[in-house]
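Produce the entire structure from the sequences given, and follow the hints as far as they go.
Chain residues, written in single-letter form:
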Amino acid sequence: DQQVKQNSPSLSVQEGRISILNCDYTNSMFDYFLWYKKYPAEGPTFLISISSIKDKNEDGRFTVFLNKSAKHLSLHIVPSQPGDSAVYFCAAYRDSWGKLQFGAGTQVVVTP
Amino acid sequence: NAGVTQTPKFRVLKTGQSMTLLCAQDMNHEYMYWYRQDPGMGLRLIHYSVGEGTTAKGEVPDGYNVSRLKKQNFLLGLESAAPSQTSVYFCASSSKPDRPTYEQYFGPGTRLTVT
Numbered sequence: 001d002q003q004v005k006q007n008s009p010s011l012s013v014q015e016g017r018i019s020i021l022n023c024d025y026t027n028s029m030f031d032y033f034l035w036y037k038k039y040p041a042e043g044p045t046f047l048i049s050i051s052s053i054k055d056k057n058e059d060g061r062f063t064v065f066l067n068k069s070a071k072h073l074s075l076h077i078v079p080s081q082p083g084d085s086a087v088y089f090c091a092a093y094r095d096s097w098g099k100l101q102f103g104a105g106t107q108v109v110v111t112p
Numbered sequence: 001n002a003g004v005t006q007t008p009k010f011r012v013l014k015t016g017q018s019m020t021l022l023c024a025q026d027m028n029h030e031y032m033y034w035y036r037q038d039p040g041m042g043l044r045l046i047h048y049s050v051g052e053g054t055t056a057k058g059e060v061p062d063g064y065n066v067s068r069l070k071k072q073n074f075l076l077g078l079e080s081a082a083p084s085q086t087s088v089y090f091c092a093s094s095s096k097p098d099r100p101t102y103e104q105y106f107g108p109g110t111r112l113t114v115t
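Keeping their order, the protein sequence lines are chains A and B.
In terms of this note's numbering, the first sequence opens at residue 1 and continues consecutively.
In terms of this note's numbering, the second sequence opens at residue 1 and continues consecutively.
Keep in mind the hints are simulated off the structure, nothing from the lab.
Glycine is no exception: its CB is placed at the ideal position from the N, C-alpha and C atoms.
Covered stretches of chain A (chain B as the covering partner; in silico rule of three or more C-beta atoms under 8 Å from a C-beta of chain B):
no.: 1; stretch: 41-51
no.: 2; stretch: 103-111
Derived DSBU-like pairs (lysine-lysine); straight-line CA-CA distance at most 35 Å:
no.: 3; chain 1: A; residue 1: Lys99; chain 2: B; residue 2: Lys9
no.: 4; chain 1: B; residue 1: Lys71; chain 2: A; residue 2: Lys5
no.: 5; chain 1: A; residue 1: Lys37; chain 2: A; residue 2: Lys5
What follows is the structure, encoded as structure tokens:
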């Protein structure tokens, strides 16, 4: 039962344009959401997060938007750069034991 | 400061063999986790630990055992490997989860193939 879903397995975008990654969740008890970035042969690294009490969080070129009523969040990367080519995982925080529920990931390819 | 390290990086096992994956962290984190990553499945939690001497089951614990004898180390054991355990295994650690930080720090992964 996947409670966090990333329905787009891949995304191709031109350098300089906007990348929009989407994530949907089913459990209304999630109250914190994170995005991780993963390069091949490396572990995931934290990118940006958002609390459920907010609807937007920005960090440089990365912005995460949260729509609680729709149980949907998105990650915007503007402008996209070749170094952004990676797999992006959406994750949702559940319960007090610090467990994260991950989506399946979206492979982003930024082309020149 | 090495962060989270994993040993070995690659391993090939025959069905029925056993092995132990070692995870070490030097950030004095209380919490440690073992995940597996399979195509189209994201990362799934196998076991986790909230402190030295404690372990608990995650989403997919069957066929695995863990131990946390020292705070900095978290071991994942496969007693009798099966082809279904072919995967990439990631260890992660974190401080006690508290707002605003729920970040987990990941190791580089161990690619395991069971033939």
